[in-house]
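For the record, the sequence lines run as chains A and B. The opening residue of the first sequence carries number 1 in my numbering; numbering runs sequentially from there. The opening residue of the second sequence carries number 1 in my numbering; numbering runs sequentially from there.
Read the hints as simulated data drawn from the structure, not as lab findings. We put the beta carbon where it would ideally sit given N, CA and C, even for glycine. Treat the hints with care, since some could be wrong.
[Said to hold, decoys possible] Here are some of the chain B residues that sit facing chain A, going by a computed Cβ distance under 7 Å:
1) 49
2) 52
3) 53
4) 55
5) 60
6) 97
7) 100
[To be verified] One-sided excerpt, in silico: chain A residues whose CB lies under 10 Å from chain B:
8) 46
9) 55
10) 84
11) 87
[Said to hold, decoys possible] Simulated restraints, written as ranges between beta carbons of each label pair:
12) 95/B with 58/A: 17 to 27 Å
13) 81/A with 40/B: 18 to 28 Å
14) 56/A with 73/B: 18 to 28 Å
15) 5/B with 111/A: 28 to 38 Å
16) 56/B with 27/A: 23 to 33 Å
17) 110/A with 52/B: 44 to 54 Å
18) 14/B with 58/A: 47 to 57 Å
19) 22/A with 3/B: 43 to 53 Å
20) 2/B with 81/A: 21 to 31 Å
21) 29/B with 51/A: 37 to 47 Å
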Amino acid sequence: GESVGLHLPTLSVQEGDNSIINCAYSNSASDYFIWYKQESGKGPQFIIDIRSNMDKRQGQRVTVLLNKTVKHLSLQIAATQPGDSAVYFCAENMNDYKLSFGAGTTVTVRA
Amino acid sequence: SQTIHQWPATLVQPVGSPLSLECTVEGTSNPNLYWYRQAAGRGLQLLFYSVGIGQISSEVPQNLSASRPQDRQFILSSKKLLLSDSGFYLCAWNREVNSPLHFGNGTRLTVT
Numbered sequence: 001g002e003s004v005g006l007h008l009p010t011l012s013v014q015e016g017d018n019s020i021i022n023c024a025y026s027n028s029a030s031d032y033f034i035w036y037k038q039e040s041g042k043g044p045q046f047i048i049d050i051r052s053n054m055d056k057r058q059g060q061r062v063t064v065l066l067n068k069t070v071k072h073l074s075l076q077i078a079a080t081q082p083g084d085s086a087v088y089f090c091a092e093n094m095n096d097y098k099l100s101f102g103a104g105t106t107v108t109v110r111a
Numbered sequence: 001s002q003t004i005h006q007w008p009a010t011l012v013q014p015v016g017s018p019l020s021l022e023c024t025v026e027g028t029s030n031p032n033l034y035w036y037r038q039a040a041g042r043g044l045q046l047l048f049y050s051v052g053i054g055q056i057s058s059e060v061p062q063n064l065s066a067s068r069p070q071d072r073q074f075i076l077s078s079k080k081l082l083l084s085d086s087g088f089y090l091c092a093w094n095r096e097v098n099s100p101l102h103f104g105n106g107t108r109l110t111v112t
C-alpha cells in the first residue's frame, strides 16, 4: 500500500491568503521528499524538495517543512493566486528509484 | 535545457488491440527513465523504471511491458489491451536517485 498520504483531499483558500497543505508519511527510513503541482491534463510539475537532514526549505512563495519526529511534511504557499489552483502531491524516496506518491490534495483558490 | 516528450497525448483503443507509447528525453545523457500510471483522482503508481539501455525493472505485474532501445527513448507496450489498462500514463526522468523527477505531459489512454 501507499506509505504517503494527505490529511485532506481538498482545500479551498481565498486569493491572497496563505495555503498549507499537509502530508503524512509512514516510512521513517525515507530520506528525500518532493512536492509536485499538477494542473488538469498535464504532468506533475516539480515545486520543491527537501532532504531528511533539513527541517525547512524555502523557494519562491513556497516553504516546505519536514517534521521527522511525527513523520509529517507540509507545503506552505504564500499569497495564494488563482494560478495556484491545482492538485498537489507529496512524494517520498528511500534512496532508491521508487518515488512513492500520496493521493493528492485539490487546492481551489477563491477570487 | 532538458525536455521530455510523450506521444500521443490521447489515445482510444479497443480491447485486445496492441499499444505503443513513446517517450524521449532531450538535453541530457544516461537519464533514469520511468513510466507511471495515474488513475482518475488518484496518486501515481510506478510501473517501470530503467537505469540504462536495455535495463528494465518492473514494479507491478500487469499486462504491460517496457523497453529502452536507445539512451533517451523509453517505450511502453502491450500486446493485448484490457479495459483496466485505461488511465493517464506519464513518462519521467531524473539524473540520479534522490533527485527530482521531471514528467512529460502524459498520454490519456481509453480502452473501449
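Exercise for review: Give me the numbers of the hints this structure contradicts, sorted from smallest to largest.
Suggested key: 2, 3, 4, 5, 9, 10, 14, 19, 21
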